[in-house]
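Peer 1: What follows is the residue order along each chain.
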Amino acid sequence: MSAPDSMEEKLLALRQKYVRKLPQRLQNLYQHWELLESKYEILHVDKIYRIVHQLTGSGKTYGFPAISETARLLEIKFYQLRKEKTTSLSSEEIKLIKEWISEFDKACQEAIKQCI
Amino acid sequence: MTPTALHKILYVEDEIDIQAIAKLALENIGGFEVKICSSGQEALEKVECFSPDLIILDVMMPGMDGPKTMEELRKIEAISTTPVIFMTAKVQQTEVESYKSLGALNVISKPFDPMTLASTIKSIWDTHHECT
Numbered sequence: 001m002s003a004p005d006s007m008e009e010k011l012l013a014l015r016q017k018y019v020r021k022l023p024q025r026l027q028n029l030y031q032h033w034e035l036l037e038s039k040y041e042i043l044h045v046d047k048i049y050r051i052v053h054q055l056t057g058s059g060k061t062y063g064f065p066a067i068s069e070t071a072r073l074l075e076i077k078f079y080q081l082r083k084e085k086t087t088s089l090s091s092e093e094i095k096l097i098k099e100w101i102s103e104f105d106k107a108c109q110e111a112i113k114q115c116i
Numbered sequence: 117m118t119p120t121a122l123h124k125i126l127y128v129e130d131e132i133d134i135q136a137i138a139k140l141a142l143e144n145i146g147g148f149e150v151k152i153c154s155s156g157q158e159a160l161e162k163v164e165c166f167s168p169d170l171i172i173l174d175v176m177m178p179g180m181d182g183p184k185t186m187e188e189l190r191k192i193e194a195i196s197t198t199p200v201i202f203m204t205a206k207v208q209q210t211e212v213e214s215y216k217s218l219g220a221l222n223v224i225s226k227p228f229d230p231m232t233l234a235s236t237i238k239s240i241w242d243t244h245h246e247c248t
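Residue numbers (my numbering), protein chains in the order written: chain Y, 1 to 116; chain P, 117 to 248.
Keep in mind the hints are simulated off the structure, nothing from the lab.
DSS-like, lysine-lysine: derived pairs with alpha carbons at most 30 Å apart: (1) Y/K60 with P/K238; (2) P/K216 with Y/K60; (3) Y/K10 with P/K124; (4) P/K151 with Y/K60.
All chains should be built: construct the whole structure from the sequences, respecting the hints.
Peer 2: What follows is the structure in structure tokens.
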């Protein structure tokens with residue numbers, strides 16, 4: 001076992017590295033969402049699912065539970081869209097997804113504020 | 117009877133953020149020797165050379181997923197009985213049981229606590245060896 005300080009320092013360095021990548025991930029999410037909103041294509045559903053699936057697993061692991069919780073809502077929705085082979089989104093679905101993206105964005109911004 | 121010691125862990129995970137924190141936790145806290153593979157295919161190529169005591173497989177990976185990787189690893193004679201633990205974000209009990217029915221020791225859920233990951237794995241390992 002190593003000294004706790006050393007472990008904490010290494011964890012902090014990893015957390016900072018993780019947080020620095022969040023803006024790019026958010027940008028990718030928004031980019032695919034905008035394209036999906038303009039024209040429903042499974043490619044964008046898959047891309048968004050992949051982004052939020054990864055962040056669901058990693059957010060809380062890195063000490064940011066709100067990232068996992070908000071990404072999880074999107075993950076479940078986009079998992080369903082893939083599974084059900086949906087071909088369009090209703091206006092209610094679009095509204096809900098936008099709300100969840102906004103919550104997810106807030107969680108990411110909070111993590112960035114904490115670490116940088 | 118001396119319990120079988122756990123030293124070498126092969127961890128198959130495609131996501132680099134999870135790779136990094138799991139490696140840190142398992143090496144620094146657990147004191148294990150850890151080799152990371154980013155895909156099932158890479159694991160198949162490197163597993164014999166590394167000769168792990170335990171394999172941890174992410175369930176959802178692009179290309180070959182965790183269960184398929186386990187199936188392929190089992191075809192390698194030297195690895196045919198090496199214990200496997202799955203890691204997944206899906207933690208419904210039916211899914212856990214289905215992975216166990218494939219021969220996995222247990223399933224660890226993601227997100228995980230990096231401070232307790234090593235002890236969780238050690239506990240699963242010890243339970244397995246008490247039962248065998």
